[in-house]
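A.B. asks: Mapping to this note's numbering: the sequence shown position 256 is 256, numbers consecutive.
In case anyone wonders, no lab produced these hints; they're calculated from the structure. Quantities reported herein were computed from a predicted structural model and do not represent experimental measurements. Every clue listed holds true.
In silico DSBU-like cross-links for lysine-lysine, where the CA-CA straight-line distance does not exceed 35 Å:
no. : residue 1 : residue 2
1   : 53        : 178
2   : 53        : 4
3   : 165       : 178
4   : 53        : 6
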Amino acid sequence: MTGKVKVQPVSRVGLEPLVAMAEQLRAALPGWEDTAPVIARGQAPSDLALDLKHLALHDGDGFLTVSAGDEVVGFAPAYVRARQLNLAQPWLLPEHLGGEAAEQLIRRALAYGERSGAAETAAVVHGGAAWQGLLFRFGLRARFSVYRLALAADAARAAGRELAKLLPGSELGNDAIKRRVGSADLERLDRLARGVSRPMDHEHWLAERRLRLAKVRDGQRVAAYAYGGLGQCGPVAAATTEAALAGLGWALQLAAAGDAAEVHLFVPATFETGVEHLLDAGARCVAESVWMSTGQGGALERYVLPSATLS
1 MTGKVKVQPV SRVGLEPLVA MAEQLRAALP GWEDTAPVIA RGQAPSDLAL
51 DLKHLALHDG DGFLTVSAGD EVVGFAPAYV RARQLNLAQP WLLPEHLGGE
101 AAEQLIRRAL AYGERSGAAE TAAVVHGGAA WQGLLFRFGL RARFSVYRLA
151 LAADAARAAG RELAKLLPGS ELGNDAIKRR VGSADLERLD RLARGVSRPM
201 DHEHWLAERR LRLAKVRDGQ RVAAYAYGGL GQCGPVAAAT TEAALAGLGW
251 ALQLAAAGDA AEVHLFVPAT FETGVEHLLD AGARCVAESV WMSTGQGGAL
301 ERYVLPSATL S
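Generate the whole structure from the sequences, applying the supplied hints.
C.D. replies: Below is the structure:
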């Protein structure tokens, strides 16, 4: 369908059809076939649906849809954390890739970042060179790969137990989480490992995603945090490589504690020791994404990404 291209905030378009579009497009990517939506009564919302709802609520002005004529043909969630504009994966109907709709969508997302005072832009790009080429034209450069790894739950638990032995750690109880004990440690580790501050995202992982949270200590200091739960392994952020490995161990155990047959996680290639341990434990590398940015920024050597949407 052709027509005038128009970009506008998501608040003027219902979120449900956008989620359905993204779920179908994601499942069509190589290495993402297992994420195909299941139509069943009582089916829990997908990770994609929950994360997009979170961004639409907290970052509605940057969550942009694009229309061609009267038809919504795609969208891009953009959000700012600590002066960094993050472009979550744009989702666009295939016939519009490489056309005006894609270009206008990215242009408006970058303009949102400028208005919000962002000093740099980062993006994790899934599934193809078309988006990489477009973002390159707008000043982003490919920095490193991010691997989507799959590991059998039994193997994840076993590998997690061994890695967690590297440093002492413990899971936070419900009371500590409700009282936000150690929130300053989360912010400090985010700045060290990821280069941003994001309290609203921690609230999302705990309250909406219902993930469990563990902390790793090196002496008297909290050196890493790790999230895990049904459908998500990570994020993990750490001050040292050893703490990152111990945090990865906790995240694997927490993610494998449910009834899922496999644990999936997103690990930057720059976290080399983490990738090596996972592959040695039997993990399969099922998909590759690319981290792109306008500046060198952090290399994420001590980090595991939360999901395909939030970075």
